[in-house]
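Asker: Just need the whole structure built from these sequences, with the hints factored in.
The listed protein sequences derive, respectively, from chains P and L. Our numbering numbers the first residue of the first sequence as 1 and each following residue consecutively. Our numbering numbers the first residue of the second sequence as 1 and each following residue consecutively.
Fair warning: there could be bad hints in the mix.
[Unchecked claim] Distance ranges between label pairs, derived from CB positions:
1. L:A119 x P:A300: 31 to 37 Å
2. P:P197 x L:L59: 26 to 32 Å
3. P:R144 x L:A81: 37 to 43 Å
4. L:R36 x P:K106: 51 to 57 Å
5. P:P369 x L:S144: 38 to 44 Å
6. P:D205 x L:R36: 39 to 45 Å
7. L:I2 x P:F82: 55 to 61 Å
8. P:D215 x L:I86: 54 to 60 Å
9. L:R84 x P:R68: 50 to 56 Å
[Claimed, not checked] One side only, chain L facing chain P, incomplete, derived with CB under 8 Å:
10. T17
11. S63
12. A121
13. Y131
14. A132
15. S142
16. M145
17. A268
No lab work stands behind these hints: they were computed from the structure. What you are looking at is a predicted structure, and each value in this text was computed from that prediction instead of being measured. Glycine is no exception: its CB is placed at the ideal position from the N, C-alpha and C atoms.
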Amino acid sequence: MKSSRMSRRSLVSGLFALAAMVAAAGAPAQADKPLRIGFSMARTGMLANATPSQLNTYELWKEQVNARGGMNVGGVKRKVEFVIYDDQSKPEQAVRIYEKLITDDKVDLLLAPWGTPFHIAIAPVVEKYKFPLVGNTAASVSLREVKPGYIWFTTSAIPDRIGVELTAFLKAQGVKSVVVLANVLPFTKEIKNFLEPELKKAGIDIKLSSEYPPDIKDMTAMLTQAKQANVDAVLALAYPGDSVLYAKQAKELGVNSPFQFIAIGPSDAFFPKAVGAASAEGVVTIAHWAPRPEWKGSQAFYDAYVKKFGEDPDFLNSALAWMSLEILEAAVAKNGLNKEKIRAMISTETFETINGKVKFNGVQNVITPTAFVQYQKGRLQIVWPASIATGRYEPKKGW
Amino acid sequence: MIDTLLSGQLLFSALVTGSLYALTALGLNLVYGTMRVLNVAHGDLVMLGAYAAFWAFTLWGISPLLAAPAVALIGAALGYAVYRGIFQRLLAAGAGHAGRIEGNSLLLFFGLSIIVQNAVALAFTPNNRAYAYLDEVVRIGSLSMTGNRIAALAIAGTTCIAVALFLRRSVIGLAMRAVIERREAAYVVGVDVDLVQLASFAIGFASAALAGVLMSMLEQFSPFSGFPFTIAGFIVIILGGLGNVMAGLLAALVLGVIETYGVALTSANLRSVLLYGCFVGALLLFPNGLFARRSVRA
Chain P
1 MKSSRMSRRS LVSGLFALAA MVAAAGAPAQ ADKPLRIGFS MARTGMLANA TPSQLNTYEL
61 WKEQVNARGG MNVGGVKRKV EFVIYDDQSK PEQAVRIYEK LITDDKVDLL LAPWGTPFHI
121 AIAPVVEKYK FPLVGNTAAS VSLREVKPGY IWFTTSAIPD RIGVELTAFL KAQGVKSVVV
181 LANVLPFTKE IKNFLEPELK KAGIDIKLSS EYPPDIKDMT AMLTQAKQAN VDAVLALAYP
241 GDSVLYAKQA KELGVNSPFQ FIAIGPSDAF FPKAVGAASA EGVVTIAHWA PRPEWKGSQA
301 FYDAYVKKFG EDPDFLNSAL AWMSLEILEA AVAKNGLNKE KIRAMISTET FETINGKVKF
361 NGVQNVITPT AFVQYQKGRL QIVWPASIAT GRYEPKKGW
Chain L
1 MIDTLLSGQL LFSALVTGSL YALTALGLNL VYGTMRVLNV AHGDLVMLGA YAAFWAFTLW
61 GISPLLAAPA VALIGAALGY AVYRGIFQRL LAAGAGHAGR IEGNSLLLFF GLSIIVQNAV
121 ALAFTPNNRA YAYLDEVVRI GSLSMTGNRI AALAIAGTTC IAVALFLRRS VIGLAMRAVI
181 ERREAAYVVG VDVDLVQLAS FAIGFASAAL AGVLMSMLEQ FSPFSGFPFT IAGFIVIILG
241 GLGNVMAGLL AALVLGVIET YGVALTSANL RSVLLYGCFV GALLLFPNGL FARRSVRA
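Answerer: Printed below as a string of structure tokens:
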């Protein structure tokens, strides 16, 4: 039994080697068989619509790396191939997949799945097998409770810091009164819980605070009240699904507060297409990246993404995915596939990424500031904080 | 608060929501009524209609209002193909075993639903899709309405009324009602049951596709956003009375009113509690549907 399994495996690896040779025909000879990198992604199910910007980024990276002759593995270039499974939008499925990727597929490296619950679900798996994984599209204060070691979280969009920074941003714009509308899903609910005490501390009047369910179909009642409150800022703590509903109905009802914040959704290219460029103009959202001369490679990443996919990358999720790849690439270039050395390097060193320097303390990125972006002339610009701003905040002039 | 309730703005919203529910539920109810078969892939037809309108608009700049009749026709053709290609065989295989047909058809539609969702995801990626069309705001007094919502209300409303008239006035419509109310009796007096079933499939699929076109102007969608429409359709037809098409239309409006006014009076967070609460309450008090005619069930 064992021998037949072994021979099948050697046959399979032989085929891979053959495939690599065929792929490399005409190019300089490859030093080794392809590097297999595995991950799970919600390709089907209720979250599938949120994942393409991350998967696209992975694919773009693979294409570029292979065009350069392969990924630098401790000085040896190896072509990259992906082992992808669909987790059907179920975190428990992702757990099984990462176990399988490590023990059965025996992949060389791992990339992150999409979303906070998935990152938290697979953290014990990578810990158990001591397999380093650089996370990307996860943001929650509960990430800090994940045992530090083999997983790191690149984002700075953590709800408690969003609460502090958004309040400072509002105060700097002279905002005195706000309406808070929050989707009850975990991320936005968490933001609300940290934001409202900060607003009160800063003396900003919360004229109306309302929660709504993710399957909301009509916001007329809530937005009529928001309009009557006549505030300086509407803070719509929305998810991608309802961000469009909010924008469309705010336009219909004329909710024209000059500061319009929509938490998640507008950083993705679908948003201006869905609501129209004129309506998207001036909307503020969460992201800590934009092409910036100081951030090496940021413009090149933007251009390459637009060229390949014909639309803007998601300024939050695509950028995070790319950062995690850059960090992994740097660690593997230096340490080859030695997982302990990779872990040690990611845990201690500072990395250059398209989002500037990144350094982890425990599981968390401690350098990248929490930031906000705004649609200006159809492009997202960082408008807060001033230290990394690419544009100046402009009040929104209607929808 | 009272101003909001009386402003007309909520009434408009309730009508838009209700009319889309009505159009979605209409097709589901026709197919159920004539064949006692629950189409759990109904919401996916709505999703397909939305994609058709989306591509027509983004690739060729065709207005969804112009595309709507064409998409509805394609929907009807699809209904025809599914009935002739798959369903007739199922009916023949299960002849005389109503229970088996119901069970098999549930599995069949469930399978179709999964195939359609994943085929669309494969072909068009699971990206969110939406477009901005007719989104100028029309103001009448204190009432402000977006053009696309007015259009959706007008088209969904007109279609529902047209189908209602068709069921009351035309020969096939009357035959459909006959099959819905007394299947065996209709058969005995010479109603072409096969033709009636085919017509209900075609109209059912067409109205779902049309609902998809209208929905695509208002919300964003992905290959997996059909299911909530199936659920909404189920609630409406169970509230109204299974197979009772006219009552379904009224039930859809009731649901729209609950959804808008109920939320305005309480909290948006209670939306599901209100919807399902009314649903369960109605089932307990009126097990045959809110508007069941006693003579039919006697």
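Asker: All hints are to be evaluated individually against the structure, with a verdict given for each.
Answerer: Do the hints match the structure? See the list:
{"no.": "1", "hint": "L:A119 x P:A300: 31 to 37 Å", "verdict": "holds, 36 Å"}
{"no.": "2", "hint": "P:P197 x L:L59: 26 to 32 Å", "verdict": "violated, 49 Å"}
{"no.": "3", "hint": "P:R144 x L:A81: 37 to 43 Å", "verdict": "violated, 55 Å"}
{"no.": "4", "hint": "L:R36 x P:K106: 51 to 57 Å", "verdict": "holds, 53 Å"}
{"no.": "5", "hint": "P:P369 x L:S144: 38 to 44 Å", "verdict": "holds, 39 Å"}
{"no.": "6", "hint": "P:D205 x L:R36: 39 to 45 Å", "verdict": "violated, 58 Å"}
{"no.": "7", "hint": "L:I2 x P:F82: 55 to 61 Å", "verdict": "holds, 59 Å"}
{"no.": "8", "hint": "P:D215 x L:I86: 54 to 60 Å", "verdict": "violated, 31 Å"}
{"no.": "9", "hint": "L:R84 x P:R68: 50 to 56 Å", "verdict": "holds, 55 Å"}
{"no.": "10", "hint": "T17", "verdict": "holds, 6 Å"}
{"no.": "11", "hint": "S63", "verdict": "violated, 15 Å"}
{"no.": "12", "hint": "A121", "verdict": "holds, 6 Å"}
{"no.": "13", "hint": "Y131", "verdict": "holds, 6 Å"}
{"no.": "14", "hint": "A132", "verdict": "holds, 3 Å"}
{"no.": "15", "hint": "S142", "verdict": "violated, 10 Å"}
{"no.": "16", "hint": "M145", "verdict": "holds, 7 Å"}
{"no.": "17", "hint": "A268", "verdict": "holds, 4 Å"}
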